[in-house]
Amino acid sequence: MRDPLTPARTLVVVALCAGGSALALVFALCAGSVAIDAGSVLDALSGRAGVPRETRDIVIALRLPRALCAFAVGGLLALAGALMQVVLRNPLADPYVLGLSGGAAVGALLAILAGAAAMIGPAAFAGALLSTSIVFTLAGRREAVQSTRLLLTGVVVAAGWSAFIALLLSLAPSAQVKGMLFWLLGDLGGAADPRPALAALLLAFVLAWALARSLNRLARGADHAAALGVDVDRTALATHGIAAFAAAAAVTQAGSVGFVGLIVPHALRLVLGNDQRLLLPAAVFAGGALVVVADTLARTVFAPQQVPVGVITALIGVPTFLWLQRRAP
Amino acid sequence: MSAPGHTSGDHRSATREGDPVNASVLATRDLRAGIGARAFCDALSIDVGAGDVWAIIGPNGAGKTTLLRTLAGLAAPLAGTVMLGGRPLETLSLRLRAQSRGVLPQDDVDAFAVSVADSVLAARHPHIAWHAWERDADRRIAGDALAAFGVADLAARDVRTLSGGERRRVALAELVAQDTPLLLLDEPSSHLDIGQQVAALDALTALARGRRKALVMVLHDLHLAARYCDHAIAIGGGGAIAGAASEILREAPLSALFGRALLELGAGATRTFVPR
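Chains as they are written, first to last, in the working numbering: chain A, 1 to 329; chain B, 1001 to 1276.
Calculated directly from the structure, the hints in this document are not laboratory data. Hints should not be assumed to be uniformly reliable.
What the hints assert, rightly or not - Below, a sample of chain A positions facing chain B; criterion: calculated Cβ distance under 10 Å: (1) 7; (2) 90; (3) 216; (4) 230; (5) 327.
The C-beta atom is built at its ideal place from N, Cα and C for all residues, glycine as well.
Please take these sequences and the hints and turn them into a complete structure.
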């Protein structure tokens, strides 16, 4: 295995990941019904004179907000997944494992059914936080770390939300079902202002990164961490809180985009190791880049048809993950 | 500091209590340890000095691990106090506790891949400020600890691929790398073959002699307790007695403790007890 992590190596790897994200963003700005070459995209971004007004409008007003939303959603989901996997000490955990996406979906679908388009985001956010607090109340506060009871409570609450979602889908007028399905699969078609999601990403990342070294200890068990002086209860609770906030912010923006939170941290762990000081920033950039590319494909491959971005993240993510898993020692 | 020539059976006087210079590394006063309403020991008062080697012995389910966890501050006492370096444990910050005592758990379960080098370096956690990274000195201490248990060549391996005995020696190296005045060990010899048991306990007791570390070990092997320990806590039947190893590691009290007639064999380093 690799040598212990140093600040220099962390900086280099994170810079490479950031470069990859930048390339993904440029790709997203170039691709679409009107193809624009990378040079014109960069000219439009830098505000250089001589760029046709139409090109600038497409890049700045149409594609950039959606690409930045995609980046924020991917970063938030990958960050939330990485945190949940560590705090539950379970490599199979994802941001939705405790029923968060189900609660968000019920909120969003109720808003869609009521015809209140403006309320979809807030209703999803409220549903996500409601579901998380239900799970924690039922499981008990002291169950925050690597607890089978917490996981089981989450799985069962999620099953309850699924039944509720199925009920809403069966009762909904058929004209609304497609919109509801898109939301359930994750869709960035409605992305407008990326700033709230980007701000949420920055906040969640800074808070999580401050806990990174304690999380490294927690990944090896509560007693191990406590013996080394980590405040296990507070760290676990804070981590759950940050992860729930990040996942709720992502779901509010784009619906339940799947696989990013499970696959990105896990794949990066196979390549980079499990030091959270490197894994968390790498997960933000890699998750962001994955959703940017996936969303670009979602709106171009079947053009003029658009497909939900969640379908593409799964189609890219699953084979990549399986391949990494097979070549891992 | 106790005199270098200190012998087993030496009773530390209560006058040292509260004196930070001469304070015991670990002390308990009227300690009741247990889980819920079930107490495993009551009114236990001990003083563990620098360089002392203590055994905790007793039958299965007697509460040895619970007592060790209570001494470590990982479980709360039902009554009484635990003191580290003369100060009540609950008044110490978590970080200060981790600088004062290290804990070797009974078993290690690793959910994620981690290299042996990283796992030992992790033990330096309490010595590193929250915003800082491991320094070269930390890497050197971790490397020395691996070498002390003969597992330096495993540094690049994933801990999940090690054999039980290799994993145990890496865990011992982690504990030593934490570099605390007090080492609390839950069955340090488990998973080790007879040669490795003696090698590991030789290395640990060399730390007690050479660097004045205090050791408190849960041991199942009465031979190892007799060979290495100068003090013992016998725990069983809801009570515990503590004293010099020469008083506790004898046929009559051990036979009563384990509920089976035992016969003492050998002498000195090869002294042991076998069922009659």
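Hint check results:
1. Of the supplied interface hints, the one on residue 7 of chain A holds, with its beta-carbon coming within about 5 Å of a beta-carbon of chain B, less than 10 Å.
2. This hint holds: residue 90 of chain A has a C-beta 7 Å from the nearest C-beta of chain B, less than the 10 Å allowed.
3. With a cut of 10 Å, the hint placing residue 216 of chain A at the interface with chain B holds, because the nearest CB-to-CB distance is about 7 Å.
4. Hint status for residue 230 of chain A relative to chain B: holds, with the closest Cβ pair at about 7 Å, below 10 Å.
5. Hint on residue 327 of chain A is violated. Least Cβ distance to chain B is approximately 14 Å, over the 10 Å limit.
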